[in-house]
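Guided by the hints, dock chain B onto chain A, whose structure is given.
Top to bottom, those sequences are chains A and B.
For the first sequence, the working numbering begins at 1 and goes up steadily by one.
For the second sequence, the working numbering begins at 1 and goes up steadily by one.
Among the hints, erroneous ones may be present.
[Said to hold, decoys possible] Sample of chain A residues at the chain B side, in silico, Cβ under 8 Å:
#	residue
1	Gly33
2	Ser34
3	Ala159
4	Asp284
[To be verified] Derived DSSO-like pairs: lysine-lysine, alpha-carbon spacing no greater than 30 Å straight-line:
#	chain 1	residue 1	chain 2	residue 2
5	B	Lys297	B	Lys484
6	B	Lys108	B	Lys226
7	A	Lys60	B	Lys441
8	A	Lys60	B	Lys443
9	A	Lys60	B	Lys129
10	A	Lys60	B	Lys193
11	B	Lys297	A	Lys60
12	B	Lys183	B	Lys113
13	B	Lys381	B	Lys297
14	B	Lys127	A	Lys60
15	B	Lys113	B	Lys129
Since the hints were made in silico from the structure, they are not lab data.
Note that beta-carbon positions come from the ideal geometry of N, C-alpha and C, so glycine has one too.
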Amino acid sequence: MSARYILRKLAQAIFTIVAIVLLLFVLFRMMPGSPDRAIRNPNLTPQQVAAARARWGLDKPLLPDQLVAYIESTLSGDLGYSIKYRGQPVTEVVADAAGPTILLIGISEVIAIVLGLLLGAYSGWRRGGTVDRVGGGIGLILYSMPYFVIGMPLIIIFAAGLGWFPTSGMTTPGGPTDPWSQFTDLVHHLVLPVLAISLGLIGGYSILMRSAIIDTRSEDYITTARAKGLADGRILRHHAFPNALLPMVTLIAINIGYVIAGAITAEIVFNWPGIGTLTVVALDARDYPVLEAIFLLVAVSVVIANLVADIIYGFLDPRVRA
Amino acid sequence: MSQPLRGRTVRLLAAAVLAATVLLPAAAPAAAADPVVLRVGTTQDLDASNPFNTLLVSGYEAFQLTYNLLVEFDKDAHPGPGFADSWTRNPDNVTFHVRDGMTWSDGKPATSKDVCFSWGLALAAIKAKDVVGAGYLDPGVKDAGVTAVTCPDPSTVVVSTKDQSDRVFQVYVPILPEHIYGKDDYKAIAAEKFDPPLVGTGPYTMVEWKTGQFARFERNPTYWGKQGFADEVVLQFFKSSDTMLQALKKGEIDYAHNLNPDQFKQLAADPAYAAVAGKANGWTQLAFNTYGTGTGKTIEGGGPSTKALLDPAFRDALGYAVDKQALVQKVLGGFGDVGTTIVPPVLADWHVEPDTLRTFNIDLAKQKLDAAGYTLDGSGKRLDKEGKPISLRLVYPSTDDNYAKSADFVKVWYGDLGIAVTTQAYDSATLGTLILPSSGKAKYDIELWGWSGNPDPNALLQIFRCDAIDNTSDSQYCNPEYDKLYDLQLTQAGEARKATLAQMQNMIYNEAPYDILYYDANLDVRRTDRFAGWQNMPENGTPFFTYGPLDYTLLTDASAQPSPTPVASTAATPPSASGAPATAGPATPAPSADAGTTSGGGSNTLLLVVVVVIVIAVVVVGLILARRKPGGADDDE
Chain A
1 MSARYILRKL
11 AQAIFTIVAI
21 VLLLFVLFRM
31 MPGSPDRAIR
41 NPNLTPQQVA
51 AARARWGLDK
61 PLLPDQLVAY
71 IESTLSGDLG
81 YSIKYRGQPV
91 TEVVADAAGP
101 TILLIGISEV
111 IAIVLGLLLG
121 AYSGWRRGGT
131 VDRVGGGIGL
141 ILYSMPYFVI
151 GMPLIIIFAA
161 GLGWFPTSGM
171 TTPGGPTDPW
181 SQFTDLVHHL
191 VLPVLAISLG
201 LIGGYSILMR
211 SAIIDTRSED
221 YITTARAKGL
231 ADGRILRHHA
241 FPNALLPMVT
251 LIAINIGYVI
261 AGAITAEIVF
271 NWPGIGTLTV
281 VALDARDYPV
291 LEAIFLLVAV
301 SVVIANLVAD
311 IIYGFLDPRV
321 RA
Chain B
1 MSQPLRGRTV
11 RLLAAAVLAA
21 TVLLPAAAPA
31 AAADPVVLRV
41 GTTQDLDASN
51 PFNTLLVSGY
61 EAFQLTYNLL
71 VEFDKDAHPG
81 PGFADSWTRN
91 PDNVTFHVRD
101 GMTWSDGKPA
111 TSKDVCFSWG
121 LALAAIKAKD
131 VVGAGYLDPG
141 VKDAGVTAVT
151 CPDPSTVVVS
161 TKDQSDRVFQ
171 VYVPILPEHI
181 YGKDDYKAIA
191 AEKFDPPLVG
201 TGPYTMVEWK
211 TGQFARFERN
221 PTYWGKQGFA
231 DEVVLQFFKS
241 SDTMLQALKK
251 GEIDYAHNLN
261 PDQFKQLAAD
271 PAYAAVAGKA
281 NGWTQLAFNT
291 YGTGTGKTIE
301 GGGPSTKALL
311 DPAFRDALGY
321 AVDKQALVQK
331 VLGGFGDVGT
341 TIVPPVLADW
351 HVEPDTLRTF
361 NIDLAKQKLD
371 AAGYTLDGSG
381 KRLDKEGKPI
391 SLRLVYPSTD
401 DNYAKSADFV
411 KVWYGDLGIA
421 VTTQAYDSAT
431 LGTLILPSSG
441 KAKYDIELWG
451 WSGNPDPNAL
461 LQIFRCDAID
471 NTSDSQYCNP
481 EYDKLYDLQL
491 TQAGEARKAT
501 LAQMQNMIYN
511 EAPYDILYYD
521 ANLDVRRTDR
531 FAGWQNMPEN
541 GTPFFTYGPL
551 DYTLLTDASA
561 QPSPTPVAST
571 AATPPSASGA
581 PATAGPATPA
591 PSADAGTTSG
601 GGSNTLLLVV
611 VVVIVIAVVV
621 VGLILARRKP
631 GGADDDE
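If we strip away everything but chain A, and leave its shape as in the complex, we get:
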């Protein structure tokens, strides 16, 4: 793998991040509405409203003043203060939300990837078999259901109905104070949301893996392996699966990159304090600094994930290296 290949990919990544962030900055500030109009305060005079807008830097024209101010402050690491959560620095607000999202979506993605790939591989290998038809059908149905449609019945049955799990939230307020109990409390709260999100994601992976395996099946080296007398299961595990995995690397990388963006409907229905919820709240309140920080975070995350995927792909498949 040449240094030039990596450097070129790196440069592309940086350029992409900068372009996305600037474009989104301009687009969102061009949107009608502004933070001072999101909540109607009958007590404020127009002068006070104008002073507030000046404080938020909204009284200057969008291009170039606001844009330049944004670029300057971001490069110096100052992401500003939240408009909705007055007085709280944006970095704190976003960091507080990032942890829970990475935990929830990260775990759900891992489970969905593992189970989805296994299910897809087996379905593709035994195309037309029971697992393929039943598993594929269920997977597709779940994949097309929004998370809250999967989540609400889970809450109603397992949380409110049977009482096995909490109905929502990440921790029990005023709950246990010792680390082990806090950990088990967290796990207890994670079960239903993770279940809902993994179920929703499995279908995507299994469908793609299935077609990748089907493509691989018809390759010459598979025929050779069969001719050598190798058992079917072994061929699947040692020859077909690894080769079919290649196209999956890209999909997995993109999805891992998006983990930080959270799953809005899932977080809302389970009251999970993550980036998804924060995005909705900030959007409604026109909290530009928070929104901009979230874009930056997601853009960096996705682009880096893709960069890593490109590099890994280069290692896995010698044909790709520039």
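What follows is chain B alone, placed relative to chain A:
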């Protein structure tokens, strides 16, 4: 070759057992020595713990638990003892007596200097023509006509006022500890983080706040009032009222604020819950764009689409075409009251019914329109005085389903009059800008939105002033006579003020820049198994999210009583179809609930067994998928 299999199976089974042990302890019931925690659910996320920076009811509820106002509200929402326990009205001041022996939750003495400091912040901002923080609280000081606040001794506060109005008893500035924040001026206090744990003189002080999740308060042992049964209070913030409902059903919260009518009705019939439809201090209205009335000004490319909207006779006639009773039944599920004047009926001291009430009568509406000069053309369209068919743009926020439903009804009724209506939903921030003459060009004809107010009617009266245009006004109404009356009532109290307010209410009703559709209700539901002693505040309101922390201190242990205290039924008409009472009042004995447990769960052994079985099943299926051989033949290498 079988080695890896065994090793892998062992590892997976070990993981399954670990998962089971991890899940088991979390299902254990609470021990008997745990504090009694009152959990209150709301869909309104707390935006700031700094009282000067919050714009929301949840923020007010939170800071009212920690801090006292100088004068608070009793169970009838009338001024009552707070930081001050008594006062005397003198010709040009009100002299307050600060409660003796009161201390902050950190033990320091609470005296008049805390009041002089806190009110001083607001006064300094007013002098500088500025605001403290978000600017929500200090206008109370300005409206009260306060000129100075002095503290001659630790027990006395003298508030000098310009007039004899009673607004000085409606100031929502919290009394903050001078020994902690004393060095801040009014700008610095707005920048203070107010990170918990906070020090206050209220019944429960904030000790923890996880943004977007919950705020936790602990009992203040030095509180001067009654100590409530709960040791801790948790305000939990939900993003979806469906999730909040499930949490209430499971017992994870004891109180749910603002459910929707369907959820409310579900629980109203169940004696395990008490459902209270409290009259809200606010309304939903049709605001007509009257821009240009009296001034003749127009907006290039914007403003009302027809001059008819500037004619009070036209607006008055439209008021006869709206069946408000039907809206209350069909949109609010019966939980609300028909709209009339701009002081909501829940403010019983100030509300008056209009002298000439409009009734729902489409024929009368048509007659009045004809009489006012708005006649039908040959194809059934109503024309304005310029000969143009009248077509009105009705805009509303997408935040609440009720707006969309009401808009659809209005469209049909106005259609009967020959007036075309096009409806459009926007998000709050966009709509808020659209209605401004400056930035949005006021490109609308009717705005369907709502307002909610304070215990004093002042806040909602302001929006009809001429200077509210391009700020809070959504009707662009301007009437110098109204402004004069507003300034007058600011200086009055008692009967004199009531008379002025009656004039103002009738003026707005007759001129009809607003057609108030209904006064919504707050639909709160609580469990009856853990807490008793609930008191609505005021009588026809709800216990929580009102004007103060009083009800938190009145709560008692439900299991200590043989039957739940019957809750006063509210005046809201329950729909006859459901037949369910709006509040629970049966004399059935309360279930002998275990006050400590929060979950209604089954046995823990069953849980453990089922979880282990499920995990093992997943693992086994995974193994099978990876390992199964075709046709049953043994594999060889």
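> Which numbered hints does this structure break?
Replying inline: none
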